[in-house]
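Protein chains in written order, with my numbering: chain A, 476 to 808; chain B, 476 to 808.
No lab work stands behind these hints: they were computed from the structure.
Hints are supplied without guarantee of correctness; some may be wrong.
Chain copies aren't distinguished; within one or between two, either way the pair holds.
As the list claims (entries may be wrong) - With a cut-off of at most 20 Å between alpha-carbon atoms, the simulated SDA-like pairs for lysine to any residue come out as follows: (1) Lys669 / Gly485; (2) Lys669 / Gly524; (3) Lys689 / Pro678; (4) Lys509 / Glu612; (5) Lys653 / Val734; (6) Lys479 / Thr566; (7) Lys763 / Ile691; (8) Lys654 / Ser735; (9) Lys477 / Ser528; (10) Lys669 / Leu646; (11) Lys653 / Ser732; (12) Lys653 / Pro736; (13) Lys479 / Val598.
Number of protein chains: 2
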Amino acid sequence: MKIKDIGEQGLLTILQRFCPQEIVGDDAAVIATKPDRSLVITTDMLVDGVHFSDRTTGPYYAGWRAAAANLSDLAAMGATPLAVTVALGVTGNTAVEWVEEFYRGMTACLQQDRAPIVGGDIVRSPVVTAAITAFGEVEGHRTIRRGNARSGWAIVATGFHGASRAGLELLLHSELGKKLGEVDRAALIRAHQKPNPRLDVLPVLWEILDAESKQISIAGMDSSDGLADAIVQICRASKVGARIERSRLPVPAALQSIVSPQTALNWTLYGGEDFELVLCLPPDLAEKLVQRLGNGSAIVGNITDRSDILLVDSTGIYAEEQLTISKGFQHFV
Amino acid sequence: MKIKDIGEQGLLTILQRFCPQEIVGDDAAVIATKPDRSLVITTDMLVDGVHFSDRTTGPYYAGWRAAAANLSDLAAMGATPLAVTVALGVTGNTAVEWVEEFYRGMTACLQQDRAPIVGGDIVRSPVVTAAITAFGEVEGHRTIRRGNARSGWAIVATGFHGASRAGLELLLHSELGKKLGEVDRAALIRAHQKPNPRLDVLPVLWEILDAESKQISIAGMDSSDGLADAIVQICRASKVGARIERSRLPVPAALQSIVSPQTALNWTLYGGEDFELVLCLPPDLAEKLVQRLGNGSAIVGNITDRSDILLVDSTGIYAEEQLTISKGFQHFV
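Model the full structure from these sequences, guided by the hints.
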């Protein structure tokens, strides 16, 4: 039996048997290291031609995005970054300049959140490969987990979704950009090339939560695999349903100029790689959070005690439909 | 300029500019997380055809060795393992059984030291690639560093050297094995396929050090790149010299049956991958350590205040010579 026969999910299921069950299943692993303080660890592997390509990304942006993806996983757990290690496989024919630009991009992104590269490995490989591991710390009661969502809570997206996908399309099909002003075009491309991990959300969130009389463990994950995927994963892990309001989805305005409303909605729900956070918390706190964050953040719906995840339209134009998990990029097919 | 033009060392020199200078240069990175307690992190990337091959290793042993190499780096810093993450790149045609065996080998090695796999990533790649990151903890004053060696201290090898290289040769040239008894042959092959990271040395070492009236920060690293390499690296980092006694080198007895004394000596000094520790500490403590460890451990020489590293023969048969860094496997050539 080969991996292409069982796919990424099939392989994951097999390999999770080798890991402690209480630890796997979130954006990052959590290890309690002292009373009410945990070490949070996340790792990502990126392969040339699979996860980046000089055609759309270039080494600086490949490095930036690799760092951003890892920091976003830490943010999704509520963790503050400590440091990063980088293992790099390069061919003899890889340009030194390529590797330097990759590191420049990584460190530029990491410096924003003061996360140094503290170690690594450099090896020979027939294909350029980077494996990044990021470590952070979180106070135990603040750990954000997928499985914490409760019926009645609001679902917050911390920013616009679909911009990264639109940026990718603009890079691949430059003619699309002619329909946009220079500022909008540059913003969408930047959303793809230089996404900002939302670690800045955390202090705002703690301030709002700390003002509460009772401790609340909120739910969430990042939207690296798409907004719809994040909502579905949270609902599955929390054994709840959700009701998403179509008109509240944070679709970037510029998308309307380049694609149909249906495509814009699809990119927002399934585009992926926006590296925003999707958080579930009591409605009054969610209101405060969205007010403080502004800039595309929105309450997109609420958690229900049903088992389905519905996309509804309160204006009555569109029929109710089930929200499904991303049918986007399938590995090993 | 391509990587093959500057080699691994050239690339390392360039990339270290992107890392905090006080952190790099040991077997693992050390981050102080609380008073007198540090997080120790090490990462290794392994590529099919470069670092392992089904011809000599097989997936179970490739997994074991990958885990052992990382635990050995933690041991070299004096750190107790906490956990491991694994990022894995596989092709669609990789056998599921191969991946399962790789994980079985890893977890078998990790379980010895109670280090769980807490997370990871699985991606598509044209070549099977594993990146392992191991985390451990060490009490600050116990951190073992390459740069701590002092003139007059003894140099301890915690076990035999050259066995792993001999095991590899036996796997590649089975006719060599005919000169050996079954037990010796199996032991050398096991040294190559299932090396034991020397975390067991640490409690013995702490017991000996704790019995001292003053705190001593000892020097050391692991011998994954060879015994000679470890001695040279420690001397360079500590800005000292060394005098190594030829007759005291821990050459496995079985090597004499299959190769010349000169080749046996070369394998012991330069063979690599024995994953023992090379430690520098005051002579009286070194004596106690070697007595407690037994089983191939030896005081191989002492640190001097000269700049050269000499291989001497007190019996007067061999001329004094300079010990040089491994001229073994060169990357990117």
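Against the structure, the hints:
1. Taking CA atoms no more than 20 Å apart as the test, Lys669 paired with Gly485 passes in neither setting, with 32 Å inside one copy and 29 Å between copies.
2. In the homo-oligomer, the alpha carbons of Lys669 and Gly524 lie at most 20 Å apart inside one protomer (19 Å), although the nearest pairing across protomers, at 34 Å, exceeds that limit.
3. In this homomeric assembly, Lys689 and Pro678 come within 20 Å of each other (Cα to Cα) only inside a single copy, at 18 Å, whereas the closest approach across copies is 44 Å.
4. For the identical chains of this complex, Lys509 and Glu612 are neighbours both inside a copy (11 Å) and across copies (12 Å), given an alpha-carbon limit of 20 Å.
5. Only within a single protomer do Lys653 and Val734 lie at most 20 Å apart by alpha-carbon distance; the minimum there is 12 Å, versus 73 Å between protomers.
6. Within a single copy, Lys479 and Thr566 get their C-alpha atoms only as close as 26 Å, which misses the 20 Å cut-off; across copies the closest is 8 Å, which meets it.
7. With identical chains, the CA atoms of Lys763 and Ile691 are at most 20 Å apart within one copy only, with a shortest distance of 15 Å there and 54 Å across copies.
8. For the homomeric pair Lys654 and Ser735, the shortest alpha-carbon distance inside one copy (13 Å) is at most 20 Å, but the shortest distance between copies (77 Å) is not.
9. For a Cα distance limit of 20 Å, the shortest separation of Lys477 from Ser528 across copies, 19 Å, qualifies, whereas the shortest one inside one copy, 26 Å, does not.
10. Taking identical chains as interchangeable, the C-alpha atoms of Lys669 and Leu646 lie at most 20 Å apart only when both belong to the same chain, with a minimum of 13 Å there against 49 Å between chains.
11. In this assembly of identical chains, Lys653 and Ser732 lie within 20 Å of each other by CA distance solely inside one copy; the values are 10 Å within and 77 Å between copies.
12. In this assembly of identical chains, Lys653 and Pro736 lie within 20 Å of each other by CA distance solely inside one copy; the values are 18 Å within and 75 Å between copies.
13. Taking the shortest alpha-carbon separations for Lys479 and Val598, only the inter-copy value of 12 Å comes in at or below 20 Å, while the best intra-copy value is 27 Å.
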